[in-house]
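Visitor: Residue strings, one per chain:
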Amino acid sequence: MPHIICCVKQVPDPETPASQFRVDEAAKKVVPVPGIAPVPSQFDTIGVEAALRIKDKTPDTTITILSLGPESYRDSIKHSLAMGADEGVLINDPALYEADHWVTAQVLAAAIGKLAPFDLVICGRQAVDWDMGVVGSTIAEILNVPCITIAKEIQYKDGQVVVERVLLDGFETAESPAPCVVTVSNELGEPRYPQLRQIMAAARKEVKVWTASDLGLDAAQLKNLVSLERLYVPEVKVETEIIDGETPQEKAEKLALKLREAKLI
Amino acid sequence: MPTPTLAALTEEQQLIVSEVRRFVEKEVLPIATELEHRDEYPAALIDQMKGLGMMGITIPPEYGGLGLPFTTYSAIVEELSRGWMSLGGVINTHAMVSWMINSFGTEEQKRCWLPAMATGEKRAGLCMTEPNAGSDLQAIQMTAVRDGDDYVLNGTKMFVSNGVQGKLFAVLTKTDPRAQPPYSGMTTFIVDKDETPGMTVGRLIEKLGYKGIDTTELFFEDARVPAGNVVGGEEGQGWYHIMATIEIGRINVASRAVGVATAALEDSVRYSKQRRTFGRPIADHQAIQLMLADMATKIEAARLLTRAAAARKDAGERADLWVGMAKLFATEVAQEVSLMALRIHGGYGYTKEMRVERYYRDAPFMLIGEGTNEIQKLVIARNILKMFGE
Ligand SMILES: Cc1cc2nc3c(=O)[nH]c(=O)nc-3n(C[C@H](O)[C@H](O)[C@H](O)COP(=O)(O)OP(=O)(O)OC[C@H]3O[C@@H](n4cnc5c(N)ncnc54)[C@H](O)[C@@H]3O)c2cc1C
Ligand SMILES: Cc1cc2nc3c(=O)[nH]c(=O)nc-3n(C[C@H](O)[C@H](O)[C@H](O)COP(=O)(O)OP(=O)(O)OC[C@H]3O[C@@H](n4cnc5c(N)ncnc54)[C@H](O)[C@@H]3O)c2cc1C
Chain A
1 MPHIICCVKQ
11 VPDPETPASQ
21 FRVDEAAKKV
31 VPVPGIAPVP
41 SQFDTIGVEA
51 ALRIKDKTPD
61 TTITILSLGP
71 ESYRDSIKHS
81 LAMGADEGVL
91 INDPALYEAD
101 HWVTAQVLAA
111 AIGKLAPFDL
121 VICGRQAVDW
131 DMGVVGSTIA
141 EILNVPCITI
151 AKEIQYKDGQ
161 VVVERVLLDG
171 FETAESPAPC
181 VVTVSNELGE
191 PRYPQLRQIM
201 AAARKEVKVW
211 TASDLGLDAA
221 QLKNLVSLER
231 LYVPEVKVET
241 EIIDGETPQE
251 KAEKLALKLR
261 EAKLI
Chain B
266 MPTPTLAALT
276 EEQQLIVSEV
286 RRFVEKEVLP
296 IATELEHRDE
306 YPAALIDQMK
316 GLGMMGITIP
326 PEYGGLGLPF
336 TTYSAIVEEL
346 SRGWMSLGGV
356 INTHAMVSWM
366 INSFGTEEQK
376 RCWLPAMATG
386 EKRAGLCMTE
396 PNAGSDLQAI
406 QMTAVRDGDD
416 YVLNGTKMFV
426 SNGVQGKLFA
436 VLTKTDPRAQ
446 PPYSGMTTFI
456 VDKDETPGMT
466 VGRLIEKLGY
476 KGIDTTELFF
486 EDARVPAGNV
496 VGGEEGQGWY
506 HIMATIEIGR
516 INVASRAVGV
526 ATAALEDSVR
536 YSKQRRTFGR
546 PIADHQAIQL
556 MLADMATKIE
566 AARLLTRAAA
576 ARKDAGERAD
586 LWVGMAKLFA
596 TEVAQEVSLM
606 ALRIHGGYGY
616 TKEMRVERYY
626 RDAPFMLIGE
636 GTNEIQKLVI
646 ARNILKMFGE
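Going down the list, the protein sequences come from chains A and B. Okay, so the first sequence: first residue is 1 according to the numbering used here, each after it adds one. Okay, so the second sequence: first residue is 266 according to the numbering used here, each after it adds one.
Read the hints as simulated data drawn from the structure, not as lab findings. Note that beta-carbon positions come from the ideal geometry of N, C-alpha and C, so glycine has one too. A couple of the hints might just be wrong.
[Claimed, not checked] Pair by pair, the computed Cβ-Cβ distance ranges are:
#: 1; chain 1: A; residue 1: Val-31; chain 2: B; residue 2: Ser-400; range: 42 to 48 Å
#: 2; chain 1: A; residue 1: Ala-201; chain 2: B; residue 2: Lys-617; range: 41 to 47 Å
#: 3; chain 1: A; residue 1: Gln-160; chain 2: B; residue 2: Gln-279; range: 39 to 45 Å
#: 4; chain 1: A; residue 1: Ile-265; chain 2: B; residue 2: Pro-546; range: 41 to 47 Å
#: 5; chain 1: B; residue 1: Gln-313; chain 2: A; residue 2: Thr-58; range: 23 to 29 Å
#: 6; chain 1: A; residue 1: Pro-17; chain 2: B; residue 2: Leu-643; range: 26 to 32 Å
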């Protein structure tokens, strides 16, 4: 009975129009946009899809969704349950709301330890809000298990995990014994839409809620390693230059020269 | 973010609404306007809807459906229609016919048809209207004459939604054309198009809105239908079946109207914050605010009335008074609101570049379908007069 744990973070909707994106520089926080609900981080939903594909082939697989955040994160857990995951756990502890990647990974690793035994932990390659891309591998480090990153396909059979990885110039196949951590990329494909039947089942499922002390952790001892110095929206300057010329050929030649000068071609 | 509303939703309904909305945002909205302008049947979207279980929303679980109440059905139809009114329409007569079979059919009929309807393998349509009889349904001319183990059907049905794509049709006929009152001689049959050589599809009817969905004529020429296909197995019950079933259609149309109106409001709010005249966003002009306030208030009233009427139907009672009010009110609101939305969009609202022109063409259908609003008023008045006795 394979057990897969998928880590799911909730993020501001990345499709929020740029014109509505605001940060509070003093508080160093992104201001939530009214009327636009946060969503599960896309790579994490793809991770749930990867787990479900394993479950499609091995139906006795159990998929647990694990999330660290405030009560509102329940929405992303419920969405994952509606997609077909079996159980949901929310670690909700106000002392952990400001956790950096290091504290996050420690808390998630402790929760994974509590959920053991497990065969596979799946994370997104990065969360689409901060794009740090380190929680998955840090969890593997803390749990002292192998980590395979940026997967486009995960297969699991008889205690062996086979992963097709995305490289800059192609693909590579990596293998690891379970348990291990795999991070997934969008090349894995679109996550499925929940069927109404599964949404109904998800509505009835309890989400377990744990605090740091339920995990045997002392929140006061968990210290961020990264401190945020400044948060701001960069100013983007656009300068326009019209290339003139008598004929299209002349314009093209001038444009090509300009681009070469700028070392763009 | 779901539309803020006073309507109380259970946790299950909230989750369903937010998931349907996600589907609509990602899959429907990016292509709806283009498909609508091409009047193209949205085959891929309907396949997705089948896969999600939308053909079996109200069919009981023992026949493969989800057994959800009409309040939930109403919320789903509203969300679909917020994306594209036609998608709320595609499941309408399907839901009506499945409800009719489940409520009035024999056990054998339920087992025979409902499972394939729940998966969407067999989609259904409803044939009441004829070229010469719409509001006055007792004036239909289609006949069904018993011949051995069969009935032989002759006549023409008009405005059949799902006429091409549908496989099963509930067909209202007269088994006794001389009966007095006429409704006592009316009988409904379930006819499987694939198994009935005398049943053919006529022309596709081109429409002002409600595009993409097949609305056709259907011809019945000596069409042989087994006697076992009489809904409930008994002649003379057709009128009663149709009148109870049409309440489901009215819940659907009212919900669609709320969905379209909501879309029109949302587009208007966004546009009025962006568009500037006389040095400020038009949302700062009182004239625009007055329209937005009217729109939002009427839509919320329509939504609450519709959900409450659906709840009445869920209670298992005849609900013609309440669903009539919901259908009347919600569709008039959709018509008004879509025009206000068009006004708010100024010249752009009149172009095909904006979605409001689509809402404005989709809204009038709902004044007519499932009984014109004049007919709703007659139903409401009849009920009210009866309520107060002699
Ligand atoms: C796009 C579309 C899809 C449809 N889909 C279906 C379908 O799937 N199945 C189906 O059976 N039908 C369907 N219909 C038909 C629809 O139900 C009828 O059009 C509607 O009931 C009106 O009937 P009618 O068109 O014959 O209008 P009429 O009955 O001729 O009405 C004309 C006008 O007279 C008014 N009127 C009639 N009688 C009275 C009265 N007693 N008092 C006051 N005013 C009155 C009406 O309100 C209307 O304004 C569809 C129609 C459309 C446009
Ligand atoms: C088919 C078509 C043909 C046209 N032909 C021509 C043409 O030949 N030549 C030409 O020059 N133009 C033409 N027009 C443009 C037309 O005159 C404008 O669309 C019209 O004046 C409205 O301007 P707008 O579209 O910019 O709307 P906006 O001015 O942006 O108005 C948007 C909304 O805000 C409201 N509003 C704006 N200001 C205020 C205010 N101060 N107080 C309260 N409410 C306010 C408006 O009433 C409207 O509801 C045409 C338009 C169309 C659709």
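Visitor: Each hint should be assessed against the structure and marked as holding or not.
Guide: Here is how each hint holds up against the structure:
1. A:Val-31 <-> B:Ser-400: 42 to 48 Å: violated (55 Å)
2. A:Ala-201 <-> B:Lys-617: 41 to 47 Å: Check passed, 42 Å falls within 41 to 47 Å.
3. A:Gln-160 <-> B:Gln-279: 39 to 45 Å: Cβ of A:Gln-160 to Cβ of B:Gln-279: about 41 Å, so the range 39 to 45 Å holds.
4. A:Ile-265 <-> B:Pro-546: 41 to 47 Å: holds (43 Å)
5. B:Gln-313 <-> A:Thr-58: 23 to 29 Å: holds (26 Å)
6. A:Pro-17 <-> B:Leu-643: 26 to 32 Å: Taking Cβ atoms as reference, A:Pro-17 and B:Leu-643 lie about 48 Å apart, which means the hint is violated.
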